[in-house]
Structures are given as structure tokens and as C-alpha cells.
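Note that the UniProt record's numbering gives residue 161 to position 161 of the sequence shown, counting from 1, and the numbers run on in steps of one.
Among the clues, some could well be false.
What the hints assert, rightly or not - Simulated pairs of lysine to aspartate or glutamate, DMTMM-like, Cα-Cα distance not exceeding 20 Å:
(1) 38 / 89
(2) 25 / 146
(3) 6 / 21
(4) 111 / 192
(5) 38 / 187
(6) 111 / 146
(7) 102 / 73
(8) 119 / 88
(9) 6 / 187
(10) 102 / 157
(11) 6 / 157
(12) 72 / 108
Honestly, the hints are just simulated from the structure, not real lab data.
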Amino acid sequence: MTGEVKIFCCGTYHPYRYRGERNPKAGDRLSRAMMDLKDHNNQNHKKAIQTFSSLIIDELEHYIIGKKENKKDFTSVPFEVCVVPSHEEGKVSSALQTIAQKICGHYENGKVGQSLQRKTTVPSAHKDNGDRSVANHMATISVVSDVKNKVILLIDDVTTTGGSMIACVNLLKSKGARTVLPLALLETANYEE
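The task is simple: from the sequences and hints, build the whole structure.
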């Protein structure tokens with residue numbers, strides 16, 4: 001089951017390097033915070049978790065589910081927060097898990113439910129220039145809990161091509177999830193437009 005998937009994001013990530021050169025747009029507040037979020041040993045790691053928790057909690061106020069007369073605020077219905085799995089087998093970002101917990105602490109209808117698991121380690125898309133294809137992610141990630149008729153908030157740190165999030169949405173939908181909202185903290189800037 002595959003289909004068009006719209007990925008939403010809370011902001012833009014400007015990588016430090018672009019085409020092998022120092023990116024003049026890098027170094028903005030959110031891009032720096034993302035690097036701090038990814039580095040557990042960074043002195044600003046906890047601050048980055050708080051920055052992105054606040055950002056995504058505020059962003060969730062803008063999402064509606066349902067059609068026509070059945071429209072509701074996304075957070076007004078019971079929902080599960082699921083993190084896109086790491087590139088490593090069986091791992092999920094602890095920073096994103098903390099953000100998921102903070103979302104659920106803010107919205108009483110939220111519950112953390114890690115329904116997805118990477119079943120095979122793959123090269124990191126970011127560090128190792130790994131395969132970003134939807135097919136690769138669909139072949140290496142599994143749905144590990146019952147998601148039938150559930151409303152799911154799917155979160156990831158950065159989306160570039162959308163491959164992992166699209167695969168995860170398709171996997172969750174194929175197992176019966178009613179609604180999946182794919183929401184990345186940041187989206188890598190596209191300077192080609």
C-alpha cells in the first residue's frame with residue numbers, strides 16, 4: 001500500500017555544508033539546535049529537547065482531522081505518538097522519545113506508542129549517505145503493535161527526501177491506522193527551487 005503522503009514540518013534545517021562548501025545559511029537557531037539534539041554529549045542537548053518540544057507542541061495546535069462536518073482538532077481525539085526508527089536495528093532516538101513524552105504530557109489525549117521498529121540496520125542517510133528510498137525503508141521497518149483504527153502522530157527529527165516517513169506512513173496505514181500525521185521537527189532546505 002503506497003500513496004501520496006504529505007509530510008509536515010515545524011521549520012527549516014540548513015545543513016552546515018552544501019555541495020561541499022560551508023553553507024552561509026547554516027548556523028541559524030533551529031539548525032544549531034538540531035545539531036545539539038543529535039549530540040547527547042552536547043551541553044545544549046537538554047535545551048534542544050525543550051526547544052523542539054515547545055515547537056512541536058505549538059505546531060500541533062494547527063492540525064485538523066476529519067472531513068466537512070466531522071472536522072476536529074487533531075489533539076482533541078485520542079492519539080498515539082510514534083517515532084520514526086533510527087537507522088540501527090531496534091533503536092529509536094532517545095531525544096525524540098523524550099519529545100514524544102513531553103507531547104503526551106501536554107495533551108491529555110496523547111499516548112506514546114512505539115509501533116514501528118527497524119528490523120535490519122541500514123547505513124545512516126545523514127552520516128553514511130545511505131539509501132533514502134521508500135522501498136529500502138519499507139523492507140527494513142516493521143509495525144510491531146496493533147494500530148488498527150488508531151490516530152497516530154509520526155515524528156522524526158529531520159526530513160530530507162521523506163523516504164523514511166513515507167515508508168512509515170504506508171506501513172502504519174497498511175496495518176489499519178485510521179489517520180497518520182507525519183510531522184518532522186525540521187525539513188532540510190531545498191536550495192534548488
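Consistency of the hints with the structure:
1. Between residue 38 and residue 89 the CA atoms are separated by roughly 18 Å; this keeps the pair inside 20 Å, and the hint holds.
2. The straight-line distance between the Cα atoms of residue 25 and residue 146 is roughly 43 Å, outside the 20 Å bound, and the hint therefore fails.
3. As the CA atoms of residue 6 and residue 21 are separated by approximately 30 Å, the hinted pair breaks the 20 Å bound.
4. Taking the CA atoms of residue 111 and residue 192, the gap is near 38 Å; set against the 20 Å cutoff, the hint is violated.
5. Between residue 38 and residue 187, the direct Cα distance comes to roughly 15 Å. Compliance with the 20 Å bound is thereby established for this hinted pair.
6. For the hint pairing residue 111 with residue 146, the CA-to-CA distance comes to about 14 Å; that is within 20 Å, so the pair holds.
7. Between the alpha carbons of residue 102 and residue 73 the distance comes to roughly 19 Å, so the proposed pair stays at or under 20 Å and holds.
8. For a cut-off of 20 Å, the pair hint linking residue 119 to residue 88 stands: about 8 Å separates their Cα positions.
9. A threshold of 20 Å between alpha carbons decides the hint, and for residue 6 with residue 187 the separation of about 12 Å falls inside it, so the pair holds.
10. Between residue 102 and residue 157 the alpha-carbon distance is near 15 Å, which keeps this suggested pair within the 20 Å criterion.
11. This hinted pair checks out: residue 6 and residue 157 have alpha carbons roughly 16 Å apart, not beyond 20 Å.
12. For the hint linking residue 72 to residue 108, the alpha-carbon distance of about 15 Å falls within 20 Å, and the restraint holds.
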